[in-house]
Amino acid sequence: MNLDFSPEDLAFRDEVRAFIADNYPPELAGKAEEGREIGREDFLKWHRILAERGGWSAPGWPVDYGGAGFTPVQRYLFGEEMARADTIPVLPFGINMVGPVIYTFGTPEQKARWLPPTLNGEIFWCQGYSEPGAGSDLASLKCKAVRDGEDYVVNGQKTWTTLAQHADWIFCLVRTDPDAKAQEGISFLLIDMRTPGITVRPIITLGGEHEVNEVWFEDVRVPVANRIHEENKGWTCAKFLLAHERTGIAGVARSKRGVEKLKRIADTEVSLGAPLSSDPIFVRKMAELEIDLLALEYTELRTLARESSGEGPGPESSLLKIKGTEIQQRITELAMEAVGPYAQANFRSLGGDNQPPVGPDYAARVGPTYFNMRKTSIYGGSNEIQRNIIAKLVLGL
Amino acid sequence: MDFAFSEDQGLLRDSLAAYLSDRYDFDSRRKAAAQAPGWRPGVWKAFAEELGILGAPFPEALGGLGGGAEANMIVMEALGEHLVLEPYLETVVLSGGLLERIGGEAAETLIGQIVSGEAVVVLAYAEPSSRYDLDAVHTAAWREEDGWRLDGHKAVVAAAPWATHLLVTARAEGEGGEFHGESLFLVAANGEGVSLRDYATMDGRRAAEVTLEDAPATLLGEEGGALPHLEAAVDAATAAACAEAVGLMRRMHRETVEYARQRRQFGRAIGEFQVIQHRLVDMFMAVEQAVSMTYLATLSLGEEPAARARAVSAAKARVGKSIREVGQGAVQIHGGIGMTDELALGWRFKRATAIEQLFGDTEYHLRRFERSGAGVPEPGAAAAAASAPTAAAAPTAATP
Chain H
1 MNLDFSPEDL
11 AFRDEVRAFI
21 ADNYPPELAG
31 KAEEGREIGR
41 EDFLKWHRIL
51 AERGGWSAPG
61 WPVDYGGAGF
71 TPVQRYLFGE
81 EMARADTIPV
91 LPFGINMVGP
101 VIYTFGTPEQ
111 KARWLPPTLN
121 GEIFWCQGYS
131 EPGAGSDLAS
141 LKCKAVRDGE
151 DYVVNGQKTW
161 TTLAQHADWI
171 FCLVRTDPDA
181 KAQEGISFLL
191 IDMRTPGITV
201 RPIITLGGEH
211 EVNEVWFEDV
221 RVPVANRIHE
231 ENKGWTCAKF
241 LLAHERTGIA
251 GVARSKRGVE
261 KLKRIADTEV
271 SLGAPLSSDP
281 IFVRKMAELE
291 IDLLALEYTE
301 LRTLARESSG
311 EGPGPESSLL
321 KIKGTEIQQR
331 ITELAMEAVG
341 PYAQANFRSL
351 GGDNQPPVGP
361 DYAARVGPTY
371 FNMRKTSIYG
381 GSNEIQRNII
391 AKLVLGL
Chain A
398 MDFAFSEDQG
408 LLRDSLAAYL
418 SDRYDFDSRR
428 KAAAQAPGWR
438 PGVWKAFAEE
448 LGILGAPFPE
458 ALGGLGGGAE
468 ANMIVMEALG
478 EHLVLEPYLE
488 TVVLSGGLLE
498 RIGGEAAETL
508 IGQIVSGEAV
518 VVLAYAEPSS
528 RYDLDAVHTA
538 AWREEDGWRL
548 DGHKAVVAAA
558 PWATHLLVTA
568 RAEGEGGEFH
578 GESLFLVAAN
588 GEGVSLRDYA
598 TMDGRRAAEV
608 TLEDAPATLL
618 GEEGGALPHL
628 EAAVDAATAA
638 ACAEAVGLMR
648 RMHRETVEYA
658 RQRRQFGRAI
668 GEFQVIQHRL
678 VDMFMAVEQA
688 VSMTYLATLS
698 LGEEPAARAR
708 AVSAAKARVG
718 KSIREVGQGA
728 VQIHGGIGMT
738 DELALGWRFK
748 RATAIEQLFG
758 DTEYHLRRFE
768 RSGAGVPEPG
778 AAAAAASAPT
788 AAAAPTAATP
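As you go down the protein sequences, you meet chains H and A in turn.
With the first letter of the first sequence counted as 1, position 38 gets the number 38 in the working numbering; the numbers rise by one all the way through.
With the first letter of the second sequence counted as 1, position 246 gets the number 643 in the working numbering; the numbers rise by one all the way through.
Here chain A stands alone, though its shape is the one from the complex:
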């Protein structure tokens, strides 16, 4: 068992942290979020060209750095810490991860374009009534002489307004009007028959409702065979979202401890009051549990599907609870100032709350955990095999 970073992993973490500390201050983030297009393509370019992180998880054969899920975890925690708007989660982890699993020439070419920053690929899988279910897909796909066409409505597609390409899940109709399984298609974001209604989300990012009307599309992978890959990719993205939440929570907790040291009422720092101390301790424990579960989920992504699902859902359920405890506690201890739009804290809380719902809320993952019968990986089974990552050998209050 080893929870330490390798040299390469440490380097990845440090170079990204250095870049974000220098160049990604909250004020510029706020300005970028408040006006069109809601993100900074220049930052994305720097991610690709200066830092090379857009290839962090992919195999070297595809132009990546070969860092896998652990690299995603390291990157996402840093992006959470700095409240980054740009769509690493959507494009690199989710779309890139799905393309890697689907394989084939078209998918691999697209991965290359993700790595270079040319293509911002976003997966549109949810629909207005699907809530968090991955198999509730009604978008229709059919074959014309010159190729595939799609018809349907994809809901709350995060980062879609920034995309160059959309991956779309759809079902092909059989001759008798029966549905086969889900397939994955590629469309250009500004392609024929594709229209987007853009809007801001609660965390200041952007999403869109995507309408497909007789939209020409390219089939990726095997017809009807997308679901297992989709589940695996969403599990990987869920683990990555947990890592982003860890970054957000560590930061919120640290800022709140600092505030409790400085804020004086009744002639002393409010951090001297035991009720505040105990709440901060509970929040600290909630963060540490989230960290542990994020490691578990990340290191279980290579397990067989049921064990993977169980570990990821356990992590997301625990992280979801921690988000509420840490986010609400941070606002409460800050008092009125914690309610303001001006302070980064509120935006951290809002992004964390968005993650609480993303890829299934706590209740959804509690049930998925119950349903997945396989045992949780026993200590030593999963982690020992991998050359395991991560930040701190033991929880300490000073953990960055």
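The following block holds chain H by itself, in its conformation from the complex:
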């Protein structure tokens, strides 16, 4: 047993750190932190820069498909460095979700058609899974695809579709056999968002953001060639994808960054005549948070080590999701406490942004972020569902 990274791993970390320092576009620096809107081109710009560096846009993809082919430990360090530099994240929809489904289940033609543009940041993907009546119970989805010659005709609605307003393509779970048992009549379709019959409607969430959308399909014709894997075998892809979605969902590196920001706020805010960072009660809350985060980090490292020795991510990843999101939410609670009354001043106001910020600059986002981060215990399989998974698959209950 040994807690240290190898010299090779540390050298890799330095290489990544230097690459980000030299190549991250200055105009994107601080954009996320300051709460400015990150647009489609912002996401793709950084994605493309990483892609040009030997497939670093796709750290986990095999080299054969143009990915970086990082080991699990390298992936971890890479994510850590991206968060440390506070870069815009590479969006998961193409790289972590549909990409692995395509290279695992797709035909050679499908791989050739979709993998390179996904890797290179030419396609902006979104995910068509949840429906109004199918959330935690995803397999009850109703959006249907009926075969008509060489096309499917798709009708129905998806919801909570993150960044669909920017997307070129959507990967969808659709019902192709209404008579089969829930999981057995589902297929996995790739749909061009420009196809006639698709409507995207924004959903504004609690913090005032436009992140998610409803996507409506009305007689949308999708070539059968856009179906990944066999007809009615889409649930296999879905399960595979959900397992991939959960790795990295712990968000350890981003949470570490959140803790640092919180400490800076606590150094600045003065409560009862002294900086909040010298207040024993606040310090103790921070200590509890940091210890929880450390416990999560080493739990994730143990998972990585198992993965490195060839065992795939198991249902333990549900633990990472639950604890990771609880910590993300806790950070936002403590940020509200640290900032105090100026958290009341919304950063967005009366039809525009409050510029310059009303209170200290770090105060402008804490309210919206507290509200927005409530989503983390709901999305990606709610934390209740994750507990069910652990009870069933880990504990055998």
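Everything labelled a hint here was simulated from the structure, so no lab data went into it.
Keep in mind the model is a prediction, meaning the values are calculated, not measured.
Check each hint, because a few of them may be wrong.
One-sided excerpt, in silico: chain H residues whose CB lies under 8 Å from chain A [unchecked claim]:
hint	residue
1	E131
2	G135
3	T205
4	L206
5	V283
6	Y342
7	N346
8	M373
9	K375
10	G381
Note that CB positions come from ideal geometry on N, CA and C, so glycine has one too.
Chain H is already provided as a structure; the job is to place chain A on it using the hints.
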């Protein structure tokens, strides 16, 4: 001991509830909040003229209904239940309560104007670095030949953009540049030397940063003597804010139970799952504890300062914890739909969260509770003396 409403109190509650149910739907609230001025003066007029609630707590001699703190509690719970934007808390409870304690002709005249709806009076006491402390006041007051002048910056003054008058706390400089205690001053909201930077707050209401530059002002009450009155008025407003939170939480809880009955996943209502049931039960207990503590705080407002502070801080700390538990639980059980701006639920959660911080967050009040050495009123001591209010004799799930 009696936790039942008197006939008058029942009438107040029912008439306000009837008005709000008929005339204060969420859609109009949303529209009002989204555009200038961010509230509805017509609703305020109706509060004054149709319902008469703007005088609910004040003595009859001042044109009020004589309902005291209990009336404020009843009104605020109803306003919370209906997510009302209008500044009853700021104008009637906080400013009105402070003016009543300060006394004198000018203050009493202003109370009369509050009751009639002519004056919207808002108290500006917090400053950029004061956080929740009432005595950390740097705004300067000095006397010129023709009267007082003020200089300073008041922070996050809720409802100030709607105000006709501002009450401002400031310190008068002594000859040696020493500070005396806080005094209370009156300025016109659009007066000379007074400027406001208006903005929306997290709950969709409005606040302002108030800058005073050589602003002419009228001293209210005794010079240097405002702090004890301010503390009492803020305690009364804190108890009232707890009542608003109770209204919000009861509503969030009720809506969430209803949603759990209707929402089906895995072939059954999600309310059939034990994990959901237990969370809803925990939320229910959190609401009931908040209700109890709100009664305790409201009925302790007449106690001597240390006992009053202890009861109010105990209530605010407990209510603050309940707000998180109920608000976060309500969003979680609603799932994605609970995250949307479209549903009233999210706005209830946001208003409740604003109250969580208002007049001191949970941590602030835990410490204030610790510091105030006096005992919490023992059961029977405070409540028996007053002809006590309130909704339910025993907690029941069906409590409105």
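Results of checking the hints against the structure:
The beta carbon of H/E131 comes no nearer than 10 Å to any beta carbon in chain A, farther than 8 Å, and the hint placing it at the interface is violated. Hint status for H/G135 relative to chain A: holds, with the closest Cβ pair at about 5 Å, below 8 Å. Here the hint on H/T205 is kept, as its CB sits about 5 Å from the closest CB of chain A, short of 8 Å. Checking H/L206 against chain A: minimum C-beta separation of about 5 Å stays under 8 Å; hint holds.
Restraint check, H/V283 versus chain A: the minimum CB separation of about 12 Å is more than 8 Å; hint violated. Because the closest C-beta pair between H/Y342 and chain A is about 6 Å apart, less than 8 Å, the hint holds. Of the supplied interface hints, the one on H/N346 holds, with its beta-carbon coming within about 5 Å of a beta-carbon of chain A, less than 8 Å. Using the Cβ-Cβ criterion of 8 Å, the hint placing H/M373 at the interface with chain A is not satisfied: the shortest such distance is roughly 10 Å.
Interface restraint check for H/K375: the shortest CB-CB distance to chain A comes to about 5 Å, inside 8 Å, so the restraint holds. The beta carbon of H/G381 is not positioned within 8 Å of any beta carbon in chain A (closest approach about 11 Å), and the interface hint is therefore violated.
Hints 1, 5, 8 and 10 from the list above are not met by this structure, while the remaining hints are.
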